[in-house]
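Chemist: What follows is each chain in one-letter form.
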Amino acid sequence: MKRHFIGLSILMFFLSTLPVYAGAPLDTVQTNVNKVLDVLRDPKLKGESAKGIKKEKLEGIYEKMFDEVELSMRTLGGNWTKLNPAQQQEFIQLYRQILEKAYIDKILSYTNEKIVFSKENMLSNNQAEVQTKVITSSKEIPIFYKVILKDSTWEVYDVVVENVSLVQNYRSQFNSILAKNTPDQLLEILRKKVKEQ
Amino acid sequence: MIHMALRVFRPPPGSDDKHCHRTNVHSEQTEKVVRAMKSFLFPILLFAILAVGCAHSPSPTSSLAPSAASFQSQQVTVTTNSEQITLKSPEISVKSESESVDDKEDLDDVEDEVEEEEAKIADPLEPFNRAMFHFNDKLYFWVLKPVAQGYNKVVPEAPRVGVNNFFSNLRFPIRFVSCLFQADFSCMATELGRFAVNTIWGVGGLLDPASSKQLNIPKKEADLGQTLGVYGLGQGFYIVWPILGPYSARDSIGIVGDYFLYPVSYITPWYDWLAVRGYEEVNATSLRIGDYESLKEAAIDPYVALRDAYVQYRQKMVEAARGKPTPPKPGGVGLGEATK
Numbered sequence: 009m010k011r012h013f014i015g016l017s018i019l020m021f022f023l024s025t026l027p028v029y030a031g032a033p034l035d036t037v038q039t040n041v042n043k044v045l046d047v048l049r050d051p052k053l054k055g056e057s058a059k060g061i062k063k064e065k066l067e068g069i070y071e072k073m074f075d076e077v078e079l080s081m082r083t084l085g086g087n088w089t090k091l092n093p094a095q096q097q098e099f100i101q102l103y104r105q106i107l108e109k110a111y112i113d114k115i116l117s118y119t120n121e122k123i124v125f126s127k128e129n130m131l132s133n134n135q136a137e138v139q140t141k142v143i144t145s146s147k148e149i150p151i152f153y154k155v156i157l158k159d160s161t162w163e164v165y166d167v168v169v170e171n172v173s174l175v176q177n178y179r180s181q182f183n184s185i186l187a188k189n190t191p192d193q194l195l196e197i198l199r200k201k202v203k204e205q
Numbered sequence: 005m006i007h008m009a010l011r012v013f014r015p016p017p018g019s020d021d022k023h024c025h026r027t028n029v030h031s032e033q034t035e036k037v038v039r040a041m042k043s044f045l046f047p048i049l050l051f052a053i054l055a056v057g058c059a060h061s062p063s064p065t066s067s068l069a070p071s072a073a074s075f076q077s078q079q080v081t082v083t084t085n086s087e088q089i090t091l092k093s094p095e096i097s098v099k100s101e102s103e104s105v106d107d108k109e110d111l112d113d114v115e116d117e118v119e120e121e122e123a124k125i126a127d128p129l130e131p132f133n134r135a136m137f138h139f140n141d142k143l144y145f146w147v148l149k150p151v152a153q154g155y156n157k158v159v160p161e162a163p164r165v166g167v168n169n170f171f172s173n174l175r176f177p178i179r180f181v182s183c184l185f186q187a188d189f190s191c192m193a194t195e196l197g198r199f200a201v202n203t204i205w206g207v208g209g210l211l212d213p214a215s216s217k218q219l220n221i222p223k224k225e226a227d228l229g230q231t232l233g234v235y236g237l238g239q240g241f242y243i244v245w246p247i248l249g250p251y252s253a254r255d256s257i258g259i260v261g262d263y264f265l266y267p268v269s270y271i272t273p274w275y276d277w278l279a280v281r282g283y284e285e286v287n288a289t290s291l292r293i294g295d296y297e298s299l300k301e302a303a304i305d306p307y308v309a310l311r312d313a314y315v316q317y318r319q320k321m322v323e324a325a326r327g328k329p330t331p332p333k334p335g336g337v338g339l340g341e342a343t344k
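For the protein sequence lines, the chains are A and B, in the order given.
Letter by letter, the first sequence follows residues 9 to 205 of this note's numbering.
Letter by letter, the second sequence follows residues 5 to 344 of this note's numbering.
Hints listed in this document are in silico derivations from the structure and should not be mistaken for laboratory results.
Among the clues, some could well be false.
As the list claims (entries may be wrong) - List of simulated lysine-lysine pairs, DSSO-like, C-alpha gap at most 30 angstroms: (1) A:141 / B:217; (2) A:147 / B:300; (3) A:63 / B:217; (4) A:200 / A:72; (5) A:59 / A:203; (6) A:114 / B:142; (7) B:300 / A:63; (8) A:65 / A:54.
Claimed, not checked - Computed, partial: chain A to chain B, Cβ under 8 angstroms: (9) 110; (10) 114; (11) 118; (12) 120; (13) 177; (14) 181; (15) 184; (16) 193; (17) 197; (18) 201.
For every residue, glycine included, the Cβ atom is placed at its ideal position computed from N, Cα and C.
Given these sequences and hints, build the entire structure.
Modeler: The following block contains the structure:
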C-alpha cells in the first residue's frame with residue numbers, strides 16, 4: 009500500500025511538471041482574448057465615433073491571434089489544391105475579410121459578458137483545444153479555440169461555438185459551391201459577398 | 005436511570021394477560037404505521053439518495069467527459085492518419101513535382117484533419133428543403149421576430165429568463181426518460197435532482213437554483229432523437245419541416261416521442277395548447293434575437309450553413325452522450341486539472 013503511494017506521488021511529480029509546457033496554449037488564447045476585452049472596455053473608445061478605431065485595433069489582434077493560411081487550408085480541405093497559388097492568396101484575403109466583417113460587429117456588441125477559461129486539451133504535440141465559456145445574463149455559450157504551434161506561438165486555426173466548428177461550417181458551404189462551380193466562380197461569389205457587407 | 009424507568013413500567017403481577025394483549029394490539033398498530041411509513045419513506049429515501057448522488061456526480065463527469073471525448077477523437081486521428089498515409093502516398097509523389105516541400109507537408113496534415121470528424125448528412129430532398137428554409141426564414145423575419153421584439157420591449161429580461169426556465173423545467177420528463185433509455189444513471193439522478201430543487205425552491209421552475217454556484221448541477225441536454233443516436237442509429241437524411249425547422253430523419257422520430265413526454269402537449273382544447281406553445285416560442289426567441297441573423301450574415305450559403313450547424317450540433321450531442329461510459333485517461337485528466 010505504502011509503495012503504491014510512493015509510486016503515485018512520483019507519478020504525480022512527473023505529471024505536475026508537464027503543465028509548464030502545456031499551459032502555453034491556454035495562456036496565449038487568454039492573453040489575446042483579454043486584449044480584445046481591453047479594447048472593448050477602453051473608456052476612451054466610447055461612442056459611435058470610436059468604432060472605427062476599435063475595429064482597427066481588433067483587426068490587429070485578429071491577425072496575431074489567427075493563422076489565416078492554416079484556417080484557409082483547413083476550410084477548403086481537399087479542394088485547396090484545386091486553386092492555383094494566386095487564387096489561394098486571394099482566397100485567404102477574401103475569407104479573412106468575410107470573417108472579420110461577420111464577427112467584428114458581433115464582438116463590438118458585447119459589453120458585460122464574462123469569459124471563463126476552463127481548460128485545455130492537447131490534441132497532439134503541436135495542436136491543442138482551449139475551452140472557454142462566455143457567460144451572459146441569460147445563457148452560457150461554450151467556445152473552444154483550436155490552436156496550432158507555429159514559429160513558437162500558438163495560433164488559432166478553428167473556433168468551435170456551441171459544438172459547431174467554424175471551419176467545418178464554411179467547408180460544407182465551399183464544398184457545395186465547388187461541387188458545381190470552378191474556383192474562379194467561387195472567388196467571384198466571395199468578392200460579391202465582401203462588397204455586400 | 006434506564007433500569008429505574010423499566011422497573012416503574014413493569015406491570016403488576018395480576019394484570020399480566022390483559023397487558024400482554026394490549027401490547028400486542030399496540031405493536032400491531034405500530035407495525036402498520038411503520039409499514040405505511042416505510043412505503044411512504046422509501047421513495048423519499050430513494051429520492052434523497054439520488055439527489056445526494058447527483059449533487060456529487062456532475063463535477064467529475066463534466067470534467068471527465070470532454071477529456072474522454074478528446075481521447076476518442078485522438079484515436080480517430082491516429083487511425084485515419086495511418087490509412088491516409090497508405091492511401092495518399094502515390095498521389096503525393098505525383099504532386100511533389102509541382103509543389104514545394106513545405107506546402108505538401110502542410111497539406112498532408114490538413115487533409116488528415118479534414119477527414120477526421122466530418123459531420124455530413126444526405127440531402128435528397130434539397131429542393132423541398134430549400135423551399136421550406138425560405139418559408140421558415142420569412143416566418144421568422146415577418147412574424148416571429150417582430151412579435152418577439154414587441155414582447156421584448158414590454159417584458160424585461162429577468163422575467164423572460166424565468167419563463168424560459170419554467171418551460172425548460174416542464175421538459176424534465178423528456179430529459180429524464182431519455183437518460184433512462186440511455187441507461188445513464190448519473191444523468192437521471194442529475195435531472196431528477198434538478199427538477200426537485202427547481203420546482204420546490206425555484207418557485208415552480210421559474211428560477212434555476214440548481215445551476216447556481218452553490219449547487220452547481222448543470223442541465224443535461226437529452227432527448228429521444230439523441231437516444232436513438234446513442235443506440236447507433238444514423239441521422240438519415242436532412243429535412244426542413246415548415247415552422248419546426250431543421251431536423252434529421254432520426255430526430256424527426258425523436259420529436260414525436262418528445263411530444264408525448266412534454267406535459268404541455270396534453271393541454272386541451274387544441275387552441276389553448278397552441279397559445280401556450282406559441283408563447284413559449286416567442287419567449288425563447290426574444291432571448292436569442294440576433295443569433296439567426298448573425299449566422300445568416302456570416303454565411304455564404306445560409307441554407308448549407310444552417311444544415312451543417314444542425315448536423316454538427318446533433319452529432320456532438322450524441323458523441324458526448326456515448327463518450328460518457330468510457331473510462332477517462334488519467335494523464336489527460338491530470339493535464340486538464342492541473343492547468344486550471
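Chemist: What hint numbers does the structure not satisfy?
Modeler: Structure breaks hints 3, 11, 12 and 16.
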